[in-house]
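Participant: Listed below, chain by chain, are the residues.
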Amino acid sequence: MEQNKEMTAQESLRLITESFNKSRKDILRDSAKYFILWGTLLTVTSLVIYLLWHLTGKPQWNFLWFAMPVVGYLLAAWSGKYNKAIPQNEVSKMLSGVWSVFGAFSVTLSAIAVFLVPMHVTLIIVIIMGLAECISGVLLKNWPIIIAGFLLGVGGAVFAMLVTDEAQLLIFTLGGVLLLVTGLIMKLQYR
Amino acid sequence: MFPKLDPILHSELRLAVMSILAGADEADFTYLKKQTGATSGNLSVQIDKLTTAGYITVEKGFKGKMPRTTCKITPAGQEAFGNYVDALKEYLSAGK
Chain A
1 MEQNKEMTAQ ESLRLITESF NKSRKDILRD SAKYFILWGT LLTVTSLVIY LLWHLTGKPQ
61 WNFLWFAMPV VGYLLAAWSG KYNKAIPQNE VSKMLSGVWS VFGAFSVTLS AIAVFLVPMH
121 VTLIIVIIMG LAECISGVLL KNWPIIIAGF LLGVGGAVFA MLVTDEAQLL IFTLGGVLLL
181 VTGLIMKLQY R
Chain B
1001 MFPKLDPILH SELRLAVMSI LAGADEADFT YLKKQTGATS GNLSVQIDKL TTAGYITVEK
1061 GFKGKMPRTT CKITPAGQEA FGNYVDALKE YLSAGK
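Listed in order, the protein sequences are those of chains A and B.
Numbers 1 to 191, taken from my numbering, label the letters of the first sequence in order.
Numbers 1001 to 1096, taken from my numbering, label the letters of the second sequence in order.
Worth flagging that the hints you see were computed from the coordinates, not collected in a lab.
Nothing here was measured: the structure is a model prediction, and the numbers come from that model.
Any given hint could be a false lead.
For the chain B half of the interface with chain A, some residues (derived, Cβ under 8 Å), not all of them [stated by the list, open to error]:
hint	residue
1	ALA1022
2	ASP1025
3	GLU1026
4	ALA1027
5	THR1030
6	GLN1035
7	PRO1075
8	GLY1082
9	VAL1085
10	LEU1088
11	TYR1091
12	LEU1092
Backbone N, C-alpha and C define an ideal beta-carbon position, used for all residues, glycine too.
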């Protein structure tokens, strides 16, 4: 694109559409890496805690949950440092906002449940996680993500009421896999 | 009578830059360079023209220790871009 040539109306519109779409794809493909990062982290953390709790019988392993946001934030900051200056648009900003709010709710409610007022924190978190996933699907105009989020929220809530504390961790393993798959879908959708 | 196309926007490279900035909050010089395939010199000249026209703003800063030039579309730029697209559509619909 070195020559500042005169263009026909059709060429101009084609250029606008191509540039706009290419940039949009870049931005949303870049957002996918955060779904993959947090999905992997959630899957690994939930499985590790489940195994440690199962093997030792000590629920105190659940304190490891509080390390997850720290590790995730450091990894996200590190990956952002080396990214190729990909811009943000309204959709990527809203996705980031929705999941940041989810994170803030989850960490705060977990801390309150552990230190102040006991509550069924798995039930609450799985519902808002399903909701955040549904909203992500709406923003990305992707029906499989909307349906998966709905099933995670509703199915996870029912499952959380039916199984013991230890087995409830597997809901978060499923949630982690779902985030991972969402990231992979985005990578494919915006290839 | 057809509306006159904005001569600032009716240039391949400047239009590509404006199209990218219309869909993003802001974009780095390096990103614009990669997306358009333009040389640094030519891109700088075209960005200067868009800045002079009041269609974009340019901010120079640092990301870590690396210098960073960020471009952002202005409200005047958004309006001009919208008018330009409307004018193109009129041309095309008249040609059918």
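Participant: Could you tell me which of the numbered hints above are not met by this structure, giving the numbers in increasing order?
Facilitator: 7 and 8
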